[in-house]
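**Student:** For the record, the sequence lines run as chains B and R.
The first sequence begins at 1 in this note's numbering and counts up one residue at a time.
The second sequence begins at 354 in this note's numbering and counts up one residue at a time.
I should point out that these hints are in silico values taken from the structure, not numbers from a laboratory.
A couple of the hints might just be wrong.
[Unchecked claim] Have a look at the derived ranges for each label pair, beta carbon to beta carbon:
id : chain 1 : residue 1 : chain 2 : residue 2 : range
1  : B       : T325      : R       : P655      : 52 to 60 Å
2  : B       : R157      : R       : S494      : 55 to 63 Å
3  : R       : P568      : B       : Q291      : 40 to 48 Å
4  : R       : P568      : B       : H230      : 28 to 36 Å
5  : R       : V358      : B       : S173      : 28 to 36 Å
Beta carbons are placed, not taken as given, at the ideal position from N, Cα and C, and that holds for glycine.
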Amino acid sequence: MTRPDLSKATAPVPADGRPVLEVDDLHVEFRTRSGVVHAVNGVSYSLTQGETLAILGESGSGKSVSAQAIMGILDSPPAVITGGGIWFEGTDLLTQPEEEQRKVRGPGISMIFQDALSSLNPVYSVGFQIGEMFRAHRGMSKKDARKRAIELMDRVRIPAAARRVDDFPHQFSGGMRQRVMIAMAIALDPRILIADEPTTALDVTVQAQVMDLLKDLQAETGMGLILITHDLGVVNEVADNVAVMYAGEIVERGTVDDVFTRPAHPYTDGLMSSVPQVEAKGGRLQPIVGQPPNLARIPSGCPFHPRCSRRRLGAEAAPGRECSTDVPPLRLVVPGREAACHYSEEVLGVRAQ
Amino acid sequence: MGRYVARRLLLTIPVLLGASFLIFAMVYALPGDPIRALGGDRPLSPAVVAQLREEFNLNDPLVVQYVKYLGDLIQGDLGTDFRGREVLDTISQRLPVTIKLTVVAILIETVIGIVAGVLAGIRRNGFLDNLVLVSSTIVVSVPILVLAFVGQYVLGLQFGWFPVSGINEGWYSYLLPGLVLAAGSLAYVARLTRTSVAENMRADYVRTARAKGLPRRTVILRHTLRNSLIPVVTFIGADIGTLMGGAIVTESVFNLPGVGRAIFDSVRAQEGAVVVGIVTLLVFFFVFFNLVVDVLYAVLDPRIRYD
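Bound conformation, chain B alone (with noise of 0.2 Å):
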């Protein structure tokens, strides 16, 4: 399961261990006028120069909602921060007022989205979209701006980029304009690429291409990669580490070879063991029993138990470990690996010390 590891050979700073963004516990509610839907429950997560971290998890896990919390770009209301810091470069951006949360987006951050087509405005040019960058934050003239727009679209494989720039986001193939959406994230040289799912509305050819490019980008800047997603190979493809989300938390985190070939939190293991595998052709694949919590009302104790295959309650459990009331904290299981379970040992297979 080894790689080459492109991204940290090659980058113009060395990684020097300093995150370049921290987020630390985190907390975003939605207050909708049926309950207060409880999104992202005390997230922290860091992230160095050159590094990816793949954040997993299914539909409403949080995952996209924290990302979009650390652009500044949640709708605002029904979503508040409720607590938490996210740290870039050595300043909470949520104590900073909104004009400076909004220089920070483009040249230190940038996001690009699942579905390019809705994501890119239908009535602009790909190329006056992609300026826009250099115009909005560099104050460059729309035909300087225009001109770097054909670099970058050159930058991202787009053929015939000089003769496609004035083209709209409708005339280009799925995977041409998720091209057009990483020119765009990428234009200001970010020190973090946030991509929220930007292959799963691609063909799976497509979908390796988009990965290949990212990952060549990311060789040559150097940027921080947070890669969303709820496909397992993608993850296993390109990240260095991994972070495991459910119900708004962090379950488990670790380098992606640890946790994908020994998982210490029985949701992981679950996921794991829903995947097909090759090599056991014809026999049933084991899905996580029940659906995934419902965040205005989140399961009381671990929020997995209910879920869970290895829940030990009342008497079965050890005192202060009872999976329906006592919460499992996020704990350093093995070194490199923390896991919020009361009982990570035995599923890594470990004897509890």
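Start from chain B and add chain R according to the hints.
**Tutor:** For chain R alone, kept in the frame of chain B given last:
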């Protein structure tokens, strides 16, 4: 695009023919005898009546009358009214008044309506949104006649800000009537813009615009408003036609000699030639502005192509 416009313009010919015939038939079907009414208290002598009936082809069947009218029309002759006044003169005298009134009204409803709609739409359920909601509901529910008299009395007489009657003060005379005429549409434009903007504010590409770190002004004006204008432009385009023909009440209250009143007077006097001439012209404007709207669609949204 050029071919599309040409085709649409050609299509207006059958529309105008049909419309003019219908109007002709309707005037023909009106009860009463226009010639006999000409005399007023002193009845005309039977010889004069017979001569006038002959002169204006009133003894012919409907279709023959219409064909004779068309024959004259092709030679550029719109005919005369029963007093011998050229219909063309009436139109060229009345139309500028109505056009000015319409221009003022459209400007007011477009500018104020869109600004109010945007302000309401970007802060849904905020103070401005509720203000627009309440005030537009009031304006829409008050009949234009009431609005006209109240406007004339309060703004014209009590405060003395505007002239109350006539067109002797140039464009300024049109301001108050234009405001009254625009009021209903203004409320509608504001509501339409508000809904469209509020919906587009949640669009994915607006989220992208914010993620790009664009200033709020740019996000709203460039990435939200333009995409929100299509329904508004549709309404305003159709409204130009409506306002031009439907200003009878406003023109009467403010004593403006426009086509609205000319139509009203001519219908009462059964002046077929005048009614048909003016109304057909208004139908043409209506069709024309609808074409302008369709062309504007393609300008606003490049996904729309005509060929």
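**Student:** Determine for every hint whether it applies to the structure shown.
**Tutor:** These are the hints, each one checked on the structure:
no. : hint                          : verdict
1   : B/T325 <-> R/P655: 52 to 60 Å : holds (59 Å)
2   : B/R157 <-> R/S494: 55 to 63 Å : holds (59 Å)
3   : R/P568 <-> B/Q291: 40 to 48 Å : holds (42 Å)
4   : R/P568 <-> B/H230: 28 to 36 Å : holds (34 Å)
5   : R/V358 <-> B/S173: 28 to 36 Å : holds (32 Å)
Violation of the numbered hints given earlier is absent; every hint is satisfied by the structure.
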